[in-house]
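Count along the sequence shown from 1, then add 1402; that gives the number in our numbering.
Everything labelled a hint here was simulated from the structure, so no lab data went into it. Heads up, a few of these hints could be off.
Pairwise CB distance ranges (calculated) [claimed, not checked]:
#	residue 1	residue 2	range
1	GLY1490	GLY2057	16 to 22 Å
2	ARG2080	GLN1797	51 to 57 Å
3	LEU1614	PRO1440	29 to 35 Å
4	ARG2035	SER2069	16 to 22 Å
5	ALA1770	ALA1833	28 to 34 Å
6	PRO1716	LEU1570	38 to 44 Å
7	GLY1490	PRO1713	25 to 31 Å
8	GLY1617	GLY2057	52 to 58 Å
9	GLU1783	LEU1614	37 to 43 Å
10	PRO1713	GLU1783	49 to 55 Å
Beta carbons are placed, not taken as given, at the ideal position from N, Cα and C, and that holds for glycine.
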Amino acid sequence: MSQPLYRRTVLKCIVAVAASTAFGCRDEEVEDGQVYFPQSVASGEPRPNSVVLWTRAVNSSRPEADVELSLQVARDENFEQRVLVLDGLRATSEHDHTLKVKVTNLEPRTRYYYRFVFEKHGKQLSSRTGRTRTAPAPDAEAPVRFVVANCQDFRGRYYNTWQRLLQLDEDLDFVLFVGDYVYEADSSLVPSEDPARNVSFTDPGSALRRDLGGGRTELVAQSVSNYRDLYRTYRSDPFLQQVHERYPFIIVWDDHEFSDDCWDAHATYTQGRTDEFQPERRRNAELAFFEYQPLDTTDAPPGAIDADREPRYPDTRIWRDFVFGLHLRLFVTDYRTHRPDHLIPEDAYPATVAMDAEVLASLGLSPAFAAETFAYVNIDEFPSQQAVLQGAYVQLAVAAGMDAVAAAARAAAVVQGNLALAYVNPVLAAAAQPGAEPLPPADKPRGLAFVHMGKSELFSRVGSRYVVIKDTFDVYAAWRYATTGREAEDALGEAQEAALLDSAGQSQTWKVVASSVSPTSMIWDLRDKADVEPPSVRNRYYYSVDQWDGFPDKRRDLLTALRDLSGGRALFVAGDIHASFASVEQGVPALTAPAISSTAVQEEAGNEVTAAGFPPGTAVYRYVVTELEATFREANPGIVFVDTEGHGFTVVEVGPEQLHASYHRISSIHVRESYADRPEALAGLFSRSDFRVRSGSIDVA
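Kindly produce the complete structure, drawing on both the sequences and the hints.
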């Protein structure tokens, strides 16, 4: 059905008016042209007087040509009360036909409708109509409602979660998306039976082939073309499009927008076997992100935002600050761009002593490490044993995929100096070579090695990024934190952290920190589990040190500072871990939203422990998979709520005295089934849990 369109010819000029008819506009017919806007429209960055509007436009008869567009913004969805007409805009082929426009001179806390119009053969062809809302004025006494969402894997999955949000038709000020908007891999490894839920690259030759071991590989995005393919595909989903059409987004990336478990411009696919510093790949990922997301990283002037002018690595800055009335100050953090490497490198030689006897003595820790398991030797003094260890290193490294020459060079570099007998002696015993017998631990010095933190393989994320022994890791982390001037855990970078702490001290009642990764400590405590075998496994473990558990000292200091500067009115909201948590950490409440559609943490934990040799039926599997939620609660008394199996989103309402959080969840077993034509059935599958957040506390509502 056509809609009336009042159109003025104004080239690249933004004009806010009460009603465009005052300028003598003539009526024209506008027709449905959404086929020319395959990813529909979106809005973001809501400020009291501005918003960013986005679309992608392609002329099917000239798919490589730039497309000239007009933008209309109005107070009503019939566009009779227009406040803006902007002609002469271009969706350029250089930027994959995307266009984002910053609109200013708007009224605070006001709903606006917008559309993009393409003229073809004398016809006015319109995108779908989007609606957006500006933020309340800084002095407005207004409650604020927003959704926290994250992690929306597309491959073989359906966006039932977004469908449910649309059903509820929540009155939201914005959607806060805290990372993993796309996943960097295609669907070549496990293609979906539904061709509409597959991801493929138009130029697979420019993609990176990732070796998953066991003869399995997958393609991951590397070129700008690859990353654009991801966004085009994900934004083809009708429910995601409708959410964007209905609400403005505030968005930040996590890792998968570039590369899984990344830090700075480093990938982690080869677990340290190769150098994965990939600055060009990082810049490609950022360009596609800036092209496809309605955000403003530079406080751009009114009009079209040129993605080429948005700084990219190493000058990236996407952390930013928002004010919503008297009661909410939102600081959006970037955890990935500025952070250092994980404290235990993936290629750390397990036997390497990280803290020797002298260091432990200086810290008064010698009694805690007196057991024989912490004994070490200078392996250079035992050339026969050293040669066996180097040979074993080469054999293991080649089996892991390293070139033999590179493996020999690496062995010579790392199998030297102080090495822990807890790793050395089992290797020597397995080799059983005369003259290279295991070395007795008696009378040997004591030290802390990577093997004591759970690192048992040469190249592995286990014992590096996941399943790390907590107590020894904490000792090592604290020492590195102190001896590096805190740089070892500088997750945010100096400028970002300073801005965050300044924001925490401002006048708004609640200071909400958006983090792509969770500050909730997720621990498996198996110390007193007598049925766990072997006894050496009876330790406390951090499940993931890719998140804030990996920087425990910085987390403590940061949370303490936020609590004190905000007068106790600070709140963390986060995602990434594919689970729901509500907890209090260092006196700061933390809400972790479930994933939209990605593998639930309970399933991921099951895969990890099964691969480690603890299948279903073992005590370890029971505690860290079957009873995972109880295990997390037992080890962290600050956890008020946990769901490790569901998908969904969290609605947060901010008031002057408290916040209200509602977790809407559906079992992950439904993620591979579409409910597009069964909305009532979908509604019945969702559950809801409500909580009150007050200064330093979370209670069931």
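Going down the list of hints, with the structure as the test:
1. Checking the proposed 16 to 22 Å range against GLY1490 and GLY2057 shows it is violated: the Cβ atoms sit about 44 Å from each other.
2. As the Cβ distance of ARG2080 to GLN1797 is approximately 55 Å, the hint placing it in 51 to 57 Å holds.
3. Range check, LEU1614 to PRO1440: about 32 Å between beta-carbon atoms, so the 29 to 35 Å window is met.
4. ARG2035 and SER2069 have their C-beta atoms about 20 Å apart, which keeps the hinted 16 to 22 Å range intact.
5. Remark: the range hint 28 to 34 Å for ALA1770 to ALA1833 is upheld by a beta-carbon distance near 32 Å.
6. Distance hint check for PRO1716 and LEU1570: the Cβ-Cβ separation is about 42 Å, which falls inside the suggested range of 38 to 44 Å.
7. A beta carbon spacing of about 26 Å between GLY1490 and PRO1713 agrees with the range 25 to 31 Å that was offered as a hint.
8. A beta carbon spacing of about 56 Å between GLY1617 and GLY2057 agrees with the range 52 to 58 Å that was offered as a hint.
9. In this structure, GLU1783 and LEU1614 meet the distance hint of 37 to 43 Å, their C-beta atoms being roughly 40 Å apart.
10. PRO1713 and GLU1783 have their C-beta atoms about 52 Å apart, which keeps the hinted 49 to 55 Å range intact.
Violated hints amount to a single one, hint 1; each of the other numbered hints is respected by the structure.
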